[in-house]
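Undergrad: The primary structure of each chain is shown beneath.
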Amino acid sequence: DAGVIQSPRHEVTEMGQEVTLRCKPISGHDYLFWYRQTMMRGLELLIYFNNNVPIDDSGMPEDRFSAKMPNASFSTLKIQPSEPRDSAVYFCASSSPYNEQFFGPGTRLTVL
Amino acid sequence: AQSVTQLGSHVSVSEGALVLLRCNYSSSVPPYLFWYVQYPNQGLQLLLKYTTGATLVKGINGFEAEFKKSETSFHLTKPSAHMSDAAEYFCAVSDPTDGGSNYKLTFGKGTLLTVNP
Chain A
3 DAGVIQSPRH
13 EVTEMGQEVT
23 LRCKPISGHD
33 YLFWYRQTMM
43 RGLELLIYFN
53 NNVPIDDSGM
63 PEDRFSAKMP
73 NASFSTLKIQ
83 PSEPRDSAVY
93 FCASSSPYNE
103 QFFGPGTRLT
113 VL
Chain B
3 AQSVTQLGSH
13 VSVSEGALVL
23 LRCNYSSSVP
33 PYLFWYVQYP
43 NQGLQLLLKY
53 TTGATLVKGI
63 NGFEAEFKKS
73 ETSFHLTKPS
83 AHMSDAAEYF
93 CAVSDPTDGG
103 SNYKLTFGKG
113 TLLTVNP
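Chains A and B are the protein sequences, given in the same order.
Quick note on numbering: our numbering labels position 21 of the first sequence as 23, and the sequence is numbered without any gaps.
Quick note on numbering: our numbering labels position 51 of the second sequence as 53, and the sequence is numbered without any gaps.
Read the hints as simulated data drawn from the structure, not as lab findings.
The calculated lysine-lysine pairs, modelled on BS3-like cross-linking and capped at a C-alpha distance of 30 angstroms, are:
| hint | chain 1 | residue 1 | chain 2 | residue 2 |
| --- | --- | --- | --- | --- |
| 1 | B | K60 | B | K111 |
| 2 | B | K51 | B | K71 |
| 3 | B | K111 | A | K26 |
| 4 | B | K71 | B | K60 |
| 5 | B | K111 | A | K70 |
| 6 | A | K80 | A | K70 |
| 7 | B | K51 | A | K26 |
| 8 | B | K70 | B | K51 |
| 9 | B | K71 | B | K111 |
| 10 | A | K80 | B | K111 |
| 11 | B | K70 | B | K111 |
| 12 | B | K51 | B | K111 |
Over 10 angstroms on every C-beta distance to chain A, these chain B residues come out as not near it, computed from the model:
| hint | residue |
| --- | --- |
| 13 | V13 |
| 14 | G18 |
| 15 | R24 |
| 16 | T57 |
| 17 | K60 |
| 18 | A88 |
| 19 | T116 |
Quick caveat: nothing in here was measured; it's all calculated off a predicted structure.
Virtual Cβ for every residue (Gly too), placed ideally from N, Cα, C.
From just these sequences and the hints, can you work out the full model?
TA: Below, the structure written as structure tokens:
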């Protein structure tokens, strides 16, 4: 199994631009999680899906952030417009019910 | 609400020495507890987890942790550190009664472990 796949691995953009991060979960996993990791705030859960349906988006920082899961094998996290304070590493993870979360390698986002 | 406190953002040990990484949690219900490891420029990997049953849990790479309810702790140990153990370690807690996913995790801030030759 290839594990959780995230793209791009690195993204550098300018303030005000739209950023789209992508995730392909492990096949057969029903749960998908998006996390953000920063030095100041550590690892934070942004949103998670169950069977492609968003269950809890209470961690999404503001309306500039949106996430979708159009099918079981693909999810996106979009930031529009991006700001320098959005610079972080964004992780996607997936799991099957009652089992551990498997993390992707992350996308390092830098907003200039 | 749940929370996790990892005492010591940075721990340094000599190769062959005992590794002890501390984790205390706060939870209104009996929690599930986890330790994850993150190597540079990689995602997190599960080391071990406690859900129910035996309170001493053994994980990969020779690590183990003991759930102590009276102390609300879940400290991670390894008898003899190896250079390859150098990484960042995260303790996490989840609420098994959460109606969504009983693996919705709240993470501590992490402890960076360095191993000196």
